Amino acid sequence: MRRLSGIFGGRRNLLFGGLLLILLFIFLLDLLVVDRIFGPFVYFYLFFALLIIFYGIYPLYMNRRLTRYYWDRTRRHRLAVIGLGFIIFLVAVAILGPLLTQDPTKVDFPNKNLPPTGFSAEQSIYDRNTGQFITTETPGTWLHPLGTDDKGRDMLAMLVSGARISLQVGLMATLIAIFIGLIMGVVSAYLGGWVDNALMRFTDIMMTFPFFLLLVFIIFIFGPSLWFIILVIGLTGWTGTARLVRSEALSLRTRDFIMAAKSLGASDRRIVFRHLIPNVLSSVIVIATLSIPGVILAEAALSFIGLGDPTVTSWGLVLHAGQRSLDTAWWIAVEPGIMLFLTVLAFNFLGDGIRDAFDPRSQL
Amino acid sequence: MKGKLNNTILQVSELKTYFFTRLGVVKAVDGVSFGLKKGECLCLVGESGCGKTATALSVLRLIDSPPGRIVGGEIRYHGEDLLQSSGARLRQIRGNRIAMIFQDPQSSLNPVFTVGDQIMEPIRLHLKLGKQQARERALNLMEQVGIPQAKERMRYYPHQFSGGMKQRAMIAAALSCDPEILIADEPTTALDTTIKAQILDIFRNLKQERNMSIIFITHDLGTVAGIADRIIVMYGGRIAEAGSVLDIFDQPKHPYTWGLLNCLPSISERREKMTPIPGVIPSLIDSPEGCIFYPRCQWHMPVCQQKRPEEYVISGEHIAACHLYK
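Line by line, the protein sequences are chains R and F.
3 is the number that this note's numbering gives to position 3 of the first sequence; each next residue is one higher, with no gaps.
68 is the number that this note's numbering gives to position 68 of the second sequence; each next residue is one higher, with no gaps.
These are calculated hints, taken from the structure and not from any lab test.
Here the structure is a predicted model, which is why all the values come from computation and not from measurement.
Just so you know, even glycine gets a beta-carbon here, dropped at the ideal spot from N, CA and C.
Treat the hints loosely; a few may be bogus.
As the list claims (entries may be wrong) - Ranges between beta-carbon positions, derived for each pair:
1) F:Gly279 <-> R:Ile285: 48 to 56 Å
2) R:Asp204 <-> F:Asp229: 51 to 59 Å
3) F:Lys38 <-> R:Ile205: 56 to 64 Å
4) R:Asp204 <-> F:Asp64: 46 to 54 Å
5) R:Ser267 <-> F:Glu14: 24 to 32 Å
6) F:Leu264 <-> R:Gly240: 49 to 57 Å
7) F:Leu127 <-> R:Pro210: 53 to 61 Å
Unchecked claim - Where chain R lies over chain F, by a calculated footprint (3+ residues, C-beta under 8 Å):
8) 94-102
9) 118-126
10) 168-178
Working from the sequences, and respecting the hints, build out all of it.
Next up, the structure:
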């Protein structure tokens with residue numbers, strides 16, 4: 001037990017690890033025995049919630065003075081606060097929305113191409129009696145506040161579903177990438193020598209490797225699945241983080257406090273976990289926030305060109321469907337476009353705000 | 001056993017620490033021997049780059065490798081050769097039996113943890129105390145080294161401390177396990193004069209009250225005078241002269257020591273200007289055959305260029321490595 005707590009250090013980490021194991025156990029039980037009562041994403045959300053509570057909210061709550069300081073610095077960035085507000089709204093929509101909206105996959109042909117409420121659009125309808133197309137003005141209805149697409153699916157429901165997909169992809173792929181990048185960077189910098197050389201040359205190779213090709217290849221073999229997309233983006237996207245973490249850790253390694261910790265009898269493991277990683281974490285959080293929009297856009301782009309998972313309603317997929325009828329039903333393409341635009345912007349603003357708050361050199 | 005009889009707790013013999021750089025081998029420490037007695041303050045004095053810090057780091061085996069390596073010698077702590085010890089054994093000794101304080105207090109505390117946490121770290125590491133006990137011990141230590149409102153300041157982060165306070169905190173961390181030997185690497189260099197005097201007082205108390213052995217490294221002979229029992233003057237990775245405080249200040253024998261003393265400002269005599277030692281510190285790469293001080297020495301003889309001087313005994317513990325005393 002002492003050995004274990006030595007590795008993970010502290011009661012909080014042990015509790016977190018314990019809860020994680022329980023979660024994993026329930027997940028496996030669900031997967032193998034009771035046959036998927038919840039989807040795997042539910043477990044991811046729980047994992048992510050635990051992560052945020054244990055390593056985000058709890059330390060912020062325990063150290064209210066520092067929380068206030070960071071909040072004051074972030075708050076001076078008005079756009080970052082707006083971005084944060086939008087992201088919180090988006091997360092709420094992604095979690096609660098699907099319970100309130102209609103089924104995003106329900107096809108309803110009589111009500112196809114309905115414009116959003118308050119708008120009206122011309123539609124050519126085939127008149128069975130005359131055998132001719134007649135053009136009519138169709139007004140939007142309150143039943144479909146954001147209109148419907150060319151198969152009569154509710155746009156609002158599809159956008160809400162898309163929000164969930166985008167956040168899942170963005171958070172999960174970034175988490176994987178950041179985790180690998182952090183470990184690679186710190187290990188490379190701390191061990192140095194040939195280990196550093198080997199890991200960094202591997203990073204260079206990964207950087208030049210066309211991830212798109214890998215993705216097409218995997219989709220060709222295993223078929224398109226959201227999980228593979230997340231995995232591939234995560235497993236190829238860590239290179240930038242690894243380089244940045246390495247450079248930060250290299251400069252930290254020569255700082256006196258690392259030598260001081262050694263002179264007081266700390267082990268290598270303790271130095272890496274207690275002195276190196278916590279000191280690079282602020283820049284890692286900034287990179288994570290700033291790399292989420294890129295990942296979201298990558299997934300949307302893949303869906304748009306038809307390489308996405310066709311079974312989930314993502315924004316890219318709706319965008320793809322909408323581009324064919326851009327002249328008759330503009331809202332189908334414009335609405336997911338606006339959502340993507342706002343989401344990417346929100347994460348970028350928040351990332352900038354956090355960077356300024358965490359960077360002691362920036363004078364606000 | 002032999003070490004205990006004459007009260008010597010640390011015996012360094014023929015220590016050689018080389019740095020293997022692209023330009024060549026830097027012989028930072030080249031055959032240094034000294035002993036440290038219980039309750040004694042030993043000062044290592046010399047210019048920058050003379051091997052003081054490398055000697056101190058070698059004692060705790062903290063030389064960064066690569067490029068550095070201890071290539072020869074012995075470091076016996078209570079008879080145990082630290083150069084042969086395992087990593088785990090060394091970690092038991094570091095901070096627990098032999099602790100070290102560094103030059104720059106601004107960067108020797110980890111900015112992301114509270115000062116209290118960092119003073120508690122070695123306590124929890126070595127003494128296996130619970131959190132509450134460790135906290136109390138840390139609190140005590142902070143009061144002993146003169147940090148006011150210690151209880152509140154335990155929760156402060158390093159950036160909220162002034163330089164002097166940080167150095168006090170570092171001393172508290174180093175003292176936390178009641179080590180037998182304290183190595184202080186220029187602990188007052190980065191501090192202003194008033195703070196410097198206060199920190200020196202702490203060291204003096206440690207020596208008197210706890211009977212702690214201190215290896216004090218400095219480039220400033222003025223600082224040394226008030227605290228040292230014995231002084232080792234180093235030059236170019238070797239010992240130039242060693243002896244008691246009185247030996248060094250009253251009867252300095254080595255020309256380099258004369259030079260150092262001439263650089264000191266004096267209150268009693270009125271000196272128009274201080275006399276610097278001519279020339280620059282030699283590169284320690286491919287150092288010459290003979291005496292390493294020879295190019296800067298005003299009293300050099302033909303033999304100095306050819307033969308490296310041995311350490312000649314002047315009287316008792318007073319030794320000088322100079323051909324003048326053959």
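- [ ] Hints the structure violates: just list their numbers, smallest first.
- [x] 4
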